[in-house]
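I would like the entire structure built from these sequences, with the hints used as guidance.
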Amino acid sequence: MDDIMTNTTISKIFTLFLIAALTNEGFAQNLHSFNPTEMPLPQKEQELQSFRFEGADIDTVMTQYCEWTGKTYLKTDAVQAIITLRVDRLTTAESIQVVEAILAMNNIALVPMGDKFIKVVQAGSADLVGQGMEINLDPDFIIPSSDDFVTTVIPLQNVQIQEVQAAVQHILHTYGKILTLQRSNSIMITDTAANVNRARELIEFIDQATALIEQRIYKIEHADAVEIAAKIDEIITAAKGEEDKPDPVGNPYARTPAGVIRANANPATTSAPAQASIANTEGGNAVLIQGDVKVLADERTNIIIIFSQAENFPFFEKIIEVLDVIVEPETIFEVINLEYADAEELSGTLNSLITGGGSSSSASGSRTSTSNRNNGSNSTRDNTNSRNTNNNRNTRLTPNAAEELSTGGIGNLNRLSEETTILADARSNSILLMGEKNDIAALKQVIAKLDVKLEQVMIEAAIFEVTLNNGLNSGIDWLYRENNLDQAGGFNAPTLLSTTNTIPGIATGALTYYQNLTDISTEIAISLAANDSNVRLLSTPVIMTTDNTEARLSVGEQRPVVTSTSSFGNSSGTLRSSYEYKDIGINLTVTPRINPQRVVVMELLQQADQVGGTVEIDNNSVPVILNREFEAQISVPDRGTIALGGLINSETRDSKTKIPILGDIPFIGRYLFSSQSQQQVQTELIVLLTPYVLTTDAELKEETERRYRSTDMNVDDWPKTGWSDSTLRYQSGESLKVLDETQRPYQQKSNISTILQNMKAQ
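Note that numbering that gives the first Met the number 0 has the sequence shown beginning at 0, numbered continuously upward.
Possibly wrong hints are sitting among the right ones.
Using 27 Å as the maximum straight-line C-alpha spacing, the simulated DSS-like pairs for lysine-lysine come out as follows [to be verified]:
hint : residue 1 : residue 2
1    : 452       : 700
2    : 115       : 70
3    : 317       : 293
4    : 218       : 317
No wet-lab data here; the hints were simulated from the structure.
As structure tokens, this is what we get:
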């Protein structure tokens with residue numbers, strides 16, 4: 000056979016030889032005994048060889064090779080190489096294998112030609128040699144790995160040639176060749192036997208039977224099917240390691256590319272459930288999803304349809320199980336019905352607390368924490384007093400609540416989310432909270448600390464008008480007089496107050512003060528005033544209020560005051576006057592604050608008005624209203640009495656004296672038997688206040704019994720039904736037992752009946 004052949008001749012010979020091999024059963028059977036490595040001569044098989052090549056050429060090496068195999072080598076001058084090799088005590092077969100390996104390393108290929116010849120060619124042109132080609136059609140046959148060139152045809156069963164060709168081409172030598180046989184869906188590979196074996200392993204891995212695509216439908220109970228479908232698609236993309244984002248929710252999902260998808264060492268960030276599912280796979284390279292996957296979601300029926308191989312469904316079912324659960328909404332809404340606090344005030348307090356002392360307005364209205372009275376000096380006051388007793392009531396922290404808030408015991412309210420909303424419903428006195436779960440929990444703790452029953456205080460007041468004369472220089476002298484000291488007890492030095500005198504010419508006296516009285520009660524003062532002509536009892540109001548809540552006492556009358564006069568017709572026409580009613584009397588405003596030691600700190604505002612005469616304005620008689628006012632902040636122990644004084648009024652009084660009977664004679668009696676005179680009289684207003692702190696129901700009941708006994712009324716004097724449900728209505732004064740002194744949180748006051756008896760005995 001010639002060494003030089005044309006490409007056309009080689010192709011024809013290869014095609015004819017391949018057809019003959021595929022149709023010749025005997026030839027196929029001989030393939031099982033094929034061995035690409037040249038065998039040594041029988042007589043040299045057991046010999047041990049030792050040789051050394053130091054810069055030897057190809058001819059020297061091939062001469063030794065042919066001596067072992069008994070063949071003749073053929074080569075051209077173009078095939079050249081320098082070989083260096085040393086072998087010591089190897090069998091002849093092992094020596095032949097070593098020579099073939101060293102030649103392959105030098106890009107020299109040995110191509111058999113029948114039984115007697117072997118060609119020595121460059122490895123890149125080995126495929127041009129058509130002699131000695133063997134065809135392997137048995138998928139179970141394993142070619143012994145060597146560096147001999149072989150040509151193998153591998154049929155494909157389940158995949159197309161294009162899917163295999165690119166993968167196999169990457170593992171072949173540069174001189175390795177691959178030929179596609181489209182009609183038989185096979186590939187022919189020419190390369191060393193070792194490389195051909197690797198290519199076969201790769202093809203066996205790729206050429207797998209395609210699994211059956213199944214369809215499964217999942218009914219989503221709690222979550223949204225579209226969102227879960229998008230999450231599954233995101234997990235598939237993350238597992239594949241692609242950087243492309245998943246399709247938007249609601250669009251049909253892109254088909255997952257065919258092939259095996261393996262988990263990345265660093266998967267893309269997904270939601271917590273998706274990460275948990277991926278983490279449950281075994282190993283970083285564990286197969287998560289195989290083959291094609293298509294996920295569809297139907298928004299109307301809230302179902303998910305998945306098309307995939309059967310082995311993928313357990314993974315998808317686990318993902319759906321994790322995601323399809325009842326999840327509390329991020330933003331919750333809660334209504335809290337308040338028991339004691341005012342909803343509008345509390346909502347303002349909470350909003351101010353959250354915003355760090357900002358505006359205290361609420362959604363249902365705005366309230367201020369200070370009284371809306373006018374502190375200026377006005378000679379008259381509108382009868383529609385704008386002071387609201389409830390507007391001055393602040394939501395007050397209890398001592399424990401204040402300490403817990405200051406120490407952060409209920410969480411950091413400054414870190415509430417911006418979506419937190421606090422509203423007040425005035426009709427139901429409820430607080431409406433909307434925000435995240437943790438924020439609502441923190442606010443509920445604050446509300447629980449604020450919505451508490453406040454301590455109550457009952458304030459007894461007695462308002463006296465003391466006429467000052469030579470024996471009484473001030474109102475407090477009335478209580479200092481010797482004949483009253485035995486009953487009234489001791490006194491402390493008076494404390495000065497600030498006074499507002501709104502009418503010029505009205506004296507305030509040399510002393511404006513308050514006086515703490517010991518061992519004296521309002522009852523005693525009332526009894527003393529009853530026997531003194533210089534003292535007039537104006538009012539004895541009693542009011543009960545809660546801690547830090549304004550209370551207002553008012554004693555007086557309303558008088559009409561002309562505000563304008565209009566004339567109708569000519570100068571002698573009808574006159575019509577407009578008027579309004581003015582409050583004239585005594586007004587006492589008290590705001591008590593109770594501390595843990597049962598000391599009551601009271602903010603006081605006292606106003607005393609009276610008519611000081613009349614003036615003619617446009618032929619109308621208009622009263623002149625005299626106003627006296629003072630303001631102070633004082634502290635009084637529980638059941639202690641304080642006297643407020645120093646508001647002195649000067650007025651001129653007309654007095655008339657006559658002789659009985661004779662003074663009533665017309666004309667003569669007026670001038671001869673009677674006389675008239677004017678006297679300048681000064682009076683001072685004295686107010687006694689006694690606070691009673693009532694923190695428990697037992698104290699409240701005890702105080703009720705005390706006031707019941709102080710009336711000196713029999714049970715028969717009270718109405719039988721309809722006025723009270725208290726058990727006191729069925730008891731006489733004698734049947735009510737006084738609590739033991741050791742059980743009382745305060746000192747028992749002197750009984751008014753005992754005081755009166757002592758006064759009579761004197």
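Hints, one by one, checked against the model:
For the hint linking residue 452 to residue 700, the alpha-carbon distance of about 17 Å falls within 27 Å, and the restraint holds. At roughly 5 Å between alpha-carbon atoms, residue 115 and residue 70 fall within 27 Å of each other, so this suggested pair holds. In summary, the hint linking residue 317 to residue 293 is supported, as the alpha carbons are separated by about 17 Å, within the 27 Å threshold. For the suggested pair residue 218 and residue 317, the alpha carbons sit about 14 Å apart, so the restraint of at most 27 Å is met.
Going through the hint list in order, the structure satisfies each hint without exception.
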